[in-house]
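**Student:** Here the protein sequences line up with chains R and C, keeping their order. All residue numbers for the first sequence refer to this note's numbering, where the first residue is 1 and numbers rise by one. All residue numbers for the second sequence refer to this note's numbering, where the first residue is 1 and numbers rise by one.
Incorrect hints may appear among the rest.
Stated by the list, open to error - Derived pair list, reagent style DSBU-like, types lysine-lysine, alpha-carbon separation capped at 30 angstroms:
#1 R/Lys-40 with C/Lys-215
#2 R/Lys-40 with C/Lys-10
#3 C/Lys-45 with R/Lys-40
#4 C/Lys-143 with R/Lys-39
#5 R/Lys-43 with C/Lys-187
#6 C/Lys-187 with C/Lys-215
Unchecked claim - These stretches of chain R come out as covered by chain C in the derived footprint (C-beta under 8 angstroms, 3 or more residues):
#7 11–23
#8 60–73
#9 129–140
#10 145–151
#11 192–201
#12 207–217
Keep in mind that the hints were calculated from the coordinates and are not lab data. The beta-carbon is built from N, C-alpha and C at its ideal position, and this holds for glycine as well.
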Amino acid sequence: MCTILCCKNIQAEMERAIRETRCPHPVVWIDAGLHNTPKKLRKLLQGEIDNHPEAAHILLGFGFCGNALVGLTPGPGQTLVLPRADDCITLLLGSRARRAGFGSGTYFLSKGWMDSGQNMWREYEDAVTQFGRETADSIYDTMLAGYRDLVTVDTGVCDAGELEQRTGEMAAVFGLTPRLVRGDDGLLRRLLTGDWSDPEAFVLVGEGRPVELRHLLG
Amino acid sequence: MSQQILDKLKQSIETLDVNLAAEAAKEAVSAGIPVVEALEQGLAKGMETVSEAFDEGEMFIPQLIQAGKAFETASDILTANMSEAEKKATSKGKVLVHTVHADIHSIGKNICATMLAASGFEVIDAGVDVPVDTVVETAEKEKVDIILGSALMTTTMPAQREIVNLLKEKGLRDQYFTMFGGAPTSKEWCDEIGADAWSDTASDAVRVATELMAKKKGG
Numbered sequence: 001m002c003t004i005l006c007c008k009n010i011q012a013e014m015e016r017a018i019r020e021t022r023c024p025h026p027v028v029w030i031d032a033g034l035h036n037t038p039k040k041l042r043k044l045l046q047g048e049i050d051n052h053p054e055a056a057h058i059l060l061g062f063g064f065c066g067n068a069l070v071g072l073t074p075g076p077g078q079t080l081v082l083p084r085a086d087d088c089i090t091l092l093l094g095s096r097a098r099r100a101g102f103g104s105g106t107y108f109l110s111k112g113w114m115d116s117g118q119n120m121w122r123e124y125e126d127a128v129t130q131f132g133r134e135t136a137d138s139i140y141d142t143m144l145a146g147y148r149d150l151v152t153v154d155t156g157v158c159d160a161g162e163l164e165q166r167t168g169e170m171a172a173v174f175g176l177t178p179r180l181v182r183g184d185d186g187l188l189r190r191l192l193t194g195d196w197s198d199p200e201a202f203v204l205v206g207e208g209r210p211v212e213l214r215h216l217l218g
Numbered sequence: 001m002s003q004q005i006l007d008k009l010k011q012s013i014e015t016l017d018v019n020l021a022a023e024a025a026k027e028a029v030s031a032g033i034p035v036v037e038a039l040e041q042g043l044a045k046g047m048e049t050v051s052e053a054f055d056e057g058e059m060f061i062p063q064l065i066q067a068g069k070a071f072e073t074a075s076d077i078l079t080a081n082m083s084e085a086e087k088k089a090t091s092k093g094k095v096l097v098h099t100v101h102a103d104i105h106s107i108g109k110n111i112c113a114t115m116l117a118a119s120g121f122e123v124i125d126a127g128v129d130v131p132v133d134t135v136v137e138t139a140e141k142e143k144v145d146i147i148l149g150s151a152l153m154t155t156t157m158p159a160q161r162e163i164v165n166l167l168k169e170k171g172l173r174d175q176y177f178t179m180f181g182g183a184p185t186s187k188e189w190c191d192e193i194g195a196d197a198w199s200d201t202a203s204d205a206v207r208v209a210t211e212l213m214a215k216k217k218g219g
């Protein structure tokens, strides 16, 4: 018996992977906004782990997300299964190696991020309301200094034309170069089908041991 | 009267109001409030509130940047009448601030630099994406007391370990305090890599740097 805990930011992609792999496990969807408050996210995830003592495996549809997963501890007889991903963008790109290839001057978006209440565009609009456009633009110049590309991961869960248009609009405002790249849900599918043998891709943390940062860094 | 001005300085940061920060700082100068008191009892208190709101998810990065701007504006006014010689004479220590190699995130690093400078440290800002060799060379050249490195990505955190290792290789480990921070870092991580200290927020960085310098002076 497995239980899946998954961030709502990748709900559409995870639901499709569950459907296509005929995965029978129940899913608990976790509010995407909690990535801003890693301590709260960790507490909530630990509560969900504790609430599912019947699950021999807890599958985490998360990246390490600002260390939110560090410290999670499985219950008696339980194993936590974690993709070795720094955040959910890696889950949508399929591997850490692919993610690393983009370099640190890349700001990533996905359908889930665009639709969530806390994306860069929404925060920019809030900043315009709070401070006025001139100050908001100055804040965003500071915030995005060093970024070059705005990359949206097209995971096939929505119309690519619409994604491209929204990416282009945001990139124009922020002075970034828009790019659309194809997603790869191979990591999610392997998580769901029990194909966890590749230590580069997954970490299994057994009973009584907490998740540690070294599990991600390797 | 002094307390009212200190409260106004604190409030200006909490409300992210650059104009109010400037006004309160001018009042503090006119009232003869010591710079350290205005910084520690006014501006820094406001920054603590902002840091807590950020941790609780009640404020986000744009608000943090604006708080940093208000802080910088006020501290520039408060310290405007101090000569470079005075600043040096009262310096709490010299800190090399940077964002580690392959990481371009500057916000946390900049806020740390602003708060450290405002709190009486001499700050050398080496910028972002600073190679490990350059960090150590700059520390040598500038004769700093503390190397402070920020990493915002799990993929760039290992550069913090490399800095500690390079200092050891060169026989310089005892010459500098190493202090690291950034969202994915932790005290456990800093202990593991053999760093001297970890700081969670910019306000905390000032506290930790002050403690390190006290340790140095205490031998």
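**Student:** For the segment 192–201 of chain R, does the count of residues with a C-beta closer than 8 angstroms to a C-beta of chain C reach 3?
**Tutor:** Coverage by chain C is violated for the segment 192–201 of chain R (0 residues, Cβ < 8 angstroms).
**Student:** Can you confirm whether the C-alpha distance between R/Lys-40 and C/Lys-215 stays at or below 30 angstroms?
**Tutor:** At roughly 34 angstroms apart (the allowed maximum being 30 angstroms), C/Lys-215 and R/Lys-40 break the hint.
**Student:** Starting from C/Lys-45, check that the Cα of R/Lys-40 is at most 30 angstroms away, please.
**Tutor:** 24 angstroms, holds
**Student:** Given as covered by chain C, does the segment 129–140 of chain R meet the bar of three residues or more with CB within less than 8 angstroms?
**Tutor:** holds (count 6)
**Student:** Taking beta carbons only, do three or more residues of the segment 207–217 of chain R come closer than 8 angstroms to chain C?
**Tutor:** Coverage by chain C holds for the segment 207–217 of chain R (5 residues, Cβ < 8 angstroms).
**Student:** Regarding the pair R/Lys-43 and C/Lys-187, is the alpha-carbon distance no greater than 30 angstroms?
**Tutor:** 19 angstroms, holds
**Student:** Mind checking, does the segment 60–73 of chain R have 3 or more residues with a CB under 8 angstroms from chain C?
**Tutor:** Coverage by chain C holds here, the residue count being 4 at a Cβ distance below 8 angstroms.
**Student:** Within 30 angstroms, alpha carbon to alpha carbon, are C/Lys-187 and C/Lys-215?
**Tutor:** Distance of about 18 angstroms is within 30 angstroms: holds.
**Student:** Apply the coverage criterion to the segment 11–23 of chain R and chain C: a residue qualifies when its Cβ sits closer than 8 angstroms to a Cβ of the chain, and three qualifying residues are needed.
**Tutor:** violated (count 0)
**Student:** Hint check: R/Lys-40 vs C/Lys-10, CA-CA at most 30 angstroms. Holds or violated?
**Tutor:** Since the Cα atoms of R/Lys-40 and C/Lys-10 sit roughly 27 angstroms apart, the hinted pair holds (cutoff 30 angstroms).
**Student:** So is the segment 145–151 of chain R in contact with chain C by the C-beta rule, three or more residues under 8 angstroms, or is the coverage claim wrong?
**Tutor:** Answer holds; 3 residues pass the 8 angstroms Cβ test.
**Student:** Mind checking the alpha carbons of C/Lys-143 and R/Lys-39 for me, to see if they're no more than 30 angstroms apart?
**Tutor:** Since the Cα atoms of C/Lys-143 and R/Lys-39 sit roughly 37 angstroms apart, the hinted pair is violated (cutoff 30 angstroms).
Of the hints listed earlier, those the structure fails to meet are numbers 1, 4, 7 and 11, in rising order.
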